[in-house]
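Protein chains: 6
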Amino acid sequence: MNAGTGTRAGPRPATDARKRAALLVEALPYIRRFRDKVIVVKYGGNALGDAGDAGAGAVGSGEAAALASFAEDVVLLRSVGMGPVVVHGGGPQIGELMRRLGKEAAFRDGLRVTDAETLEIARMVLVGKVNRDIVSAINVHGPLAVGLSGEDANLITAAAHSPELGFVGNVHDVDPTIVSRLLAEGLIPVLATIGTDESGQAYNINADTVAGAVAQAIGAEKLIFLTNVEGLRADPSDPASLLRQVTAADLERMVADGVAVGGMVPKVEACAQAVRAGVARGHILDGRVPHALLLELFTDAGVGTMVLP
Amino acid sequence: MNAGTGTRAGPRPATDARKRAALLVEALPYIRRFRDKVIVVKYGGNALGDAGDAGAGAVGSGEAAALASFAEDVVLLRSVGMGPVVVHGGGPQIGELMRRLGKEAAFRDGLRVTDAETLEIARMVLVGKVNRDIVSAINVHGPLAVGLSGEDANLITAAAHSPELGFVGNVHDVDPTIVSRLLAEGLIPVLATIGTDESGQAYNINADTVAGAVAQAIGAEKLIFLTNVEGLRADPSDPASLLRQVTAADLERMVADGVAVGGMVPKVEACAQAVRAGVARGHILDGRVPHALLLELFTDAGVGTMVLP
Amino acid sequence: MNAGTGTRAGPRPATDARKRAALLVEALPYIRRFRDKVIVVKYGGNALGDAGDAGAGAVGSGEAAALASFAEDVVLLRSVGMGPVVVHGGGPQIGELMRRLGKEAAFRDGLRVTDAETLEIARMVLVGKVNRDIVSAINVHGPLAVGLSGEDANLITAAAHSPELGFVGNVHDVDPTIVSRLLAEGLIPVLATIGTDESGQAYNINADTVAGAVAQAIGAEKLIFLTNVEGLRADPSDPASLLRQVTAADLERMVADGVAVGGMVPKVEACAQAVRAGVARGHILDGRVPHALLLELFTDAGVGTMVLP
Amino acid sequence: MNAGTGTRAGPRPATDARKRAALLVEALPYIRRFRDKVIVVKYGGNALGDAGDAGAGAVGSGEAAALASFAEDVVLLRSVGMGPVVVHGGGPQIGELMRRLGKEAAFRDGLRVTDAETLEIARMVLVGKVNRDIVSAINVHGPLAVGLSGEDANLITAAAHSPELGFVGNVHDVDPTIVSRLLAEGLIPVLATIGTDESGQAYNINADTVAGAVAQAIGAEKLIFLTNVEGLRADPSDPASLLRQVTAADLERMVADGVAVGGMVPKVEACAQAVRAGVARGHILDGRVPHALLLELFTDAGVGTMVLP
Amino acid sequence: MNAGTGTRAGPRPATDARKRAALLVEALPYIRRFRDKVIVVKYGGNALGDAGDAGAGAVGSGEAAALASFAEDVVLLRSVGMGPVVVHGGGPQIGELMRRLGKEAAFRDGLRVTDAETLEIARMVLVGKVNRDIVSAINVHGPLAVGLSGEDANLITAAAHSPELGFVGNVHDVDPTIVSRLLAEGLIPVLATIGTDESGQAYNINADTVAGAVAQAIGAEKLIFLTNVEGLRADPSDPASLLRQVTAADLERMVADGVAVGGMVPKVEACAQAVRAGVARGHILDGRVPHALLLELFTDAGVGTMVLP
Amino acid sequence: MNAGTGTRAGPRPATDARKRAALLVEALPYIRRFRDKVIVVKYGGNALGDAGDAGAGAVGSGEAAALASFAEDVVLLRSVGMGPVVVHGGGPQIGELMRRLGKEAAFRDGLRVTDAETLEIARMVLVGKVNRDIVSAINVHGPLAVGLSGEDANLITAAAHSPELGFVGNVHDVDPTIVSRLLAEGLIPVLATIGTDESGQAYNINADTVAGAVAQAIGAEKLIFLTNVEGLRADPSDPASLLRQVTAADLERMVADGVAVGGMVPKVEACAQAVRAGVARGHILDGRVPHALLLELFTDAGVGTMVLP
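Chains as they are written, first to last, in the numbering used here: chain A, 1 to 309; chain B, 1001 to 1309; chain C, 2001 to 2309; chain D, 3001 to 3309; chain E, 4001 to 4309; chain F, 5001 to 5309.
Hints listed in this document are in silico derivations from the structure and should not be mistaken for laboratory results. Just to be clear, a hint being listed does not mean it is correct.
Claimed, not checked - Short derived list, chain F residues pointing at chain A, Cβ under 8 Å:
no.: 1; residue: Leu5023
no.: 2; residue: Ala5027
no.: 3; residue: Leu5028
no.: 4; residue: Ile5031
no.: 5; residue: Ser5079
no.: 6; residue: Val5080
no.: 7; residue: Gly5081
no.: 8; residue: Met5082
no.: 9; residue: Arg5099
no.: 10; residue: Arg5100
no.: 11; residue: Leu5101
no.: 12; residue: Leu5243
no.: 13; residue: Arg5244
no.: 14; residue: Gln5245
no.: 15; residue: Ala5301
no.: 16; residue: Gly5302
None of these values were measured; they are calculated from a predicted model. Cβ atoms here follow ideal geometry from the backbone N, Cα and C, with glycine treated the same way.
So that you can see chain A by itself, here it is in the shape it has in the complex (with noise of 0.2 Å):
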């Protein structure tokens, strides 16, 4: 990002204008469309801190430059005028917190179970940390991003899941009136996915079916997830069959099939109620390709694969 000084230095590039030409016709049309739209990013936990790394959570310093470059694209797509709202998760890294300090995890149906305990330490992780060190990667570059949680003006009103799970949550509701103003403000907003009840009662929901409940509420443009697979594969273990574009349809028929599974599960999902409530696309991209955001919304070829209503 030199485009402060507009002095040039240093040889012509070799690469061929015309091509450069061609990338600029081709991504500007793109810049103009996607113009004060909202764009909900779900930014995986996983890239964020390696459970093994020394260290009380630190973040390693592979994760560091992917938080980096990831962070410049949010702040390229807003200084472009658009509205990215960042949700994430942090299970790595709540996992690490609760070993260090002696809690056991129970699970059920995949589910981690959550007392009180439990619960507190999460929100100290997701809040205080995870959502932090966002923050911090985007705001070297200015004043932009504001850290949320579900709690903040009752954002994210939940519900439990089940009264086995403890307080596991579900989106009841969302109110997105302090997203939208942030956004109006030219802020960043970052959400950590607590929500609360309406006795003031926390819950810990998971974060790509807040994304998606979010992208609804706010009306958003697209959806996007940043995993660490390259796209939707046809057949999971072909990765030629990877798919450039599917219908909600085709996702729902994927999870029926059972081609969908594990964590890919509430990202489908998400992706297809998203698009069938009016969310324009949604895209489930290599959040490992640098720069997998531009590449995604500023080409016509794009890098994942993208959901059509």
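With chain A's structure known, arrange chains B, C, D, E and F on it following the hints.
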């Protein structure tokens, strides 16, 4: 707060109507006078949890009641048009988590030596626990509070206090834009006192000092410290020597003469500096008195020590 | 109203702080609730001057004190954001000037027969004397009150009540635009109840009726009658039968049953009609109680009779 | 004013089209030039009623016609975008009511000694009668006029002229806010010249002086006196010496030399002071000429005496 | 337009003041009525230049005087708050340049066959000469006129009239946004009647038809044709049969009966269609009468034929 | 510009994603930086038509393609929030029409002697042909371009260059109001370089000079000349001496030393003067390179010569 229904039940109160009328005539001009004015309130970490309490920093029932009463006062101030900003610390809660993580605390000249791990713990506790508890207590009354840390939108720029202390910071600059905007939208900012430098490195900062710096930067009408003492005393050992009204010069003398000591020093210094810099009044109140904020703001007599320029 | 200086002198009041805090907690939600709401207050002509008094309608000292207290209340309502509109009559003062001009009064069914000369006298007294006294009493507190008659900006269009009564009018239409605009500018409209027809002919109209019609037309929150009785009684002869709360249907029954009589009838009818037409509450208060307006508006118990739809 | 229907009936006027076109070309630039400009017009009490008339100050038919024509002119000025402000006196009408009440008039140096009772009579007549008659005459054309006295919103602050004269006042200060706001809403303020001091005591003030003070305070474009003479004469006894154009200096000389005498003096002094203080033009017109206001404002030649700085 | 100085010189005009006042009272309500209304004026190409004149379409002195008078009227309308839009043709001037370029004119059913070269000539003359002459004549009075063609901001979308006629177009759609915006900024749009289709191909369109379509699209108050006849006649051969007022139905009958012929037909049709579509009045005037526009708009009698719905 | 549909077809491009991402990271900051900035682009008359072409100045297919590419670039700049202003000349097209009309061209010191007839021809060609062709080419993409000449809203006030040259003008003053307003409404002004003096007399002005004067008057960020050379050379005869970056002082020296000659002189002088007067950058580009504008604006290396203050 039963103003919602406007129906009447039960007997008229025996209280003399004349006294009640007199109090209203006394209070209403203060409401007019402070309308649209910013009131920065430092809420003490001591009141929020009891380090000796069982459980992971759970809020005891006495503390919960005090917090609920404080939250009600803040919501009432907001509802009659003032702009309350809550600033909080959380020393006891930080100590508690460190103890549980088996982390030894080290001090130099009364200040905690803060290495990277200590900082991360402090940040998790302040932003992910204490801040959340206050936000939740307020939002029981409606979608009003929004938690912030000094990292959000680069609200507080910090610099290291001294190399020996690690990541203990001083306030270098305050950009109150995000606070002002939230206030303008009828919200209540709740501020955890973590700051960052330009590289994104976080620091833990004394909450009394931050409260004073924010009050100055935003042009507050009042800077209020809720403490666990009755107010300032001319003679610390004599309860009868409680001061109702002092000047900035008085305060500076009290620090120089060693009359103000310990945790009272940063409060006294922040008050003196703030009123010299344009904040109309400082106040040091006893947060244990129910609705101390209302009594101080809306009655002629007040309940604590008021600081004039 | 010594809120201006913000310094403190004299001892703390002996009153229990807990009771004072409770009253504030009780009053503040009403202030929030009525903010930006219009409150139409009918102020009785009886309170303004004493026909038996020496001098040409000079305001006696008791009346002057009552008017000053009323003016203070109205200014306080305005200062905390409500929109008070004062409507007044002036029967005794009209009678006094007629007597001095040697003009005989004639009545039919309790209504004054109003020829051209009587109308001119009434208009001079209402617009040029009573209205002025109220405006002046308010404006001692600042440039707040603006006197109006129904002729200004065609606020009240009137029609003759009956040929036999001459220029006694009924309300035909209310255009509250000028009242709304003065309110929007932070002013206090004070309204003398002269109306005109389309040809510019003036009429004298019952002030209770005008107060009700204006409250409806402007969408007031409340219509308040300040009278010289304690409130409505179930049994007019039994002071212990004072009603704290009635419905429009109750009122209509009281008129039909002859329980409400004399000057109370137009007040009761105006209240019933207004709450049926959307005014949230009617109130009939004892204007002799100091600060009756404040006690009725800002305390749960109130001081008079409240009318619900 | 038959522009409403836009249909045509009857023969074309014999008047030469060329002359009519020339007058339009002459008038339109004045309309552009005075658009959004404030025009303060002093309307003489003499024209409103005839002290010798039978009845209680009833407006005679000649006076009614003159008032109707004046009202039409004022409405036309307003309709093409100017901001007319009417200021009026009412000496003859005050004298008439005093006579009817058997109150003896006393004079000192040509000024009426004004005790409390005289003041009350003057206020009733000016605010409750003369002001009302003008407001009604204008409002036949629509909801345009709003009557004011100097007490409203503390428009005119007065001070006693001299102890001997009682409640005869001088203008101490003018706060034209309420006048400006009514003008901004398309209304026509009509001003009775009662002022008050800070304690709320009313005073009767010379209307010519008030007209000049209001014109200065509001930054009027023009100050116009409608009188019952043709204009200013170089030689008061010679009709042929009518002056079409004079300067402030000329006026001051005329007062010093005794050429201007009697009731003309305050008009001449007000004009001189106003144009020296930034009012662009003063005008002294013959109010008996039908539509004198229009002819003076919209034709090159005008009909009276124009005053330049 | 000597309103600028506001000083007076020379004798008062002998014209009777009463007549002058009457004309002002007549004209001012029209000014109020038409304020902020759009007036579309078709200015005839015939008046702009004389094909028989020496030189390349130079404007003769008679034409220059007529154009200057027209420009003055348009500026006066603008100055008193109306929104004049000028639409013009330029047939004679096109013919002149074709003759000079040795290009043969061909006609079919009275319409000029327009090949690519003819179109280019027409466009150069209309946009680059006639439009410029009108803009310049207006802008002598200030920076007011802005020339447009139907190509600008896609103001007029056209379609081919018939294959045989080449680039003669019909109005397919009007997007009056650019005209409205220029009007809103106090400017005077001057419109040459070239349109384009979606591919960017230009067409020459009858100016009378465009004037009508623009008046409808923009919701004009009036559509005025300045012609070189006195107005419409019931009997074309009888000057005494001039019609002062007709309806759309009358006009349609005149076309059907062959009473309206030749160049009058598109004017008559445009008027009928416009008033049926919501334009309040159509007018057909004699542009040779000096200031015909002012006389028609601001006097009861007018100077031509007025068309009602 | 296929961004409209957002569906994907065909294979992913072979181009390395890393390079594409790098170009986006390079380009986006420029888009942010130039947002809401005015970019004045001088588009050469040479590129628009070929004097040797058959037909009356018809645009040849090569020229049409260049114009279409230029139009696309301008529309893209507008679509991402910049404010492009196009200024054009048209020398060859003027010469062509003169030749066809049998008008002999005369020159003095390289400037065309311009009599009244020549001026009229120039105005018809520039305003009625060249300007129209550019407007049409842009408006194929939407209702964006509005053609202007310097006569519109008195945009360019001119004065005669010298008596011998007739109606050849210099820029005397620029009033950019109309340009700013069209930009503020999202439109693209296209400016033909005819100016007028106060009497309405038109002049033909050098387009390079006008571009520079407009850029200064409007406070443009950039002044760009699209030429038919690669850029400025240190040695005009050596293609390898192309300069990538020069200062105003360098340019002034090149003119003084005779390095810049012919048609390059006014461009070089306009650039030097503009950057000295506050325009941030001047650019001299090769308009024959497809999308030269985009490459110069959005890449670090650019494609021509950049001028710094």
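Note to self: A closest beta-carbon separation below 8 Å is what the hint needs, so does Leu5023 of chain F meet it against chain A?
What the structure shows: 6 Å, holds
Note to self: Restraint: Arg5099 of chain F near chain A, CB-CB cut 8 Å. Satisfied or not?
What the structure shows: 37 Å, violated
Item checked: Status of the Leu5101 of chain F interface restraint (C-beta, 8 Å, chain A) -> 41 Å, violated
Notebook entry, point to check: Should the hint that Ala5301 of chain F touches chain A count as held when the rule is a Cβ pair under 8 Å?
Noted result: 4 Å, holds
Check: Going by Cβ atoms only, is Arg5244 of chain F closer than 8 Å to chain A?
Finding: Holds - the Cβ of Arg5244 of chain F comes within 8 Å of chain A, reaching about 5 Å at its closest.
Notebook entry, point to check: Holds or violated: Ala5027 of chain F as interface residue toward chain A, Cβ cutoff 8 Å?
Noted result: 6 Å, holds
Check: Should the hint that Gln5245 of chain F touches chain A count as held when the rule is a Cβ pair under 8 Å?
Finding: 5 Å, holds
Next item on the list: May I ask you to test the interface hint for Ser5079 of chain F with respect to chain A, counting a Cβ-Cβ separation under 8 Å as satisfied?
Entry: OK, holds: Ser5079 of chain F within 8 Å of chain A, min 4 Å.
Note to self: The hint names Ile5031 of chain F as touching chain A; please verify it with the least Cβ-Cβ distance against 8 Å.
What the structure shows: 5 Å, holds
Notebook entry, point to check: Hint check: is the beta carbon of Gly5081 of chain F less than 8 Å from a beta carbon of chain A?
Noted result: This interface hint holds because 7 Å falls under the 8 Å limit.
Margin query: Tell me if the interface restraint on Met5082 of chain F is satisfied: Cβ within less than 8 Å of some Cβ in chain A.
Written below: Hint violated; Met5082 of chain F Cβ to chain A Cβ min 11 Å, cut 8 Å.
Margin query: Checking hints one by one. Is Arg5100 of chain F an interface residue toward chain A, by the C-beta closer than 8 Å rule?
Written below: Constraint on Arg5100 of chain F not satisfied, violated at 38 Å.
The structure fails to meet hints 8, 9, 10, 11, 12 from the earlier list, while all remaining hints are met.
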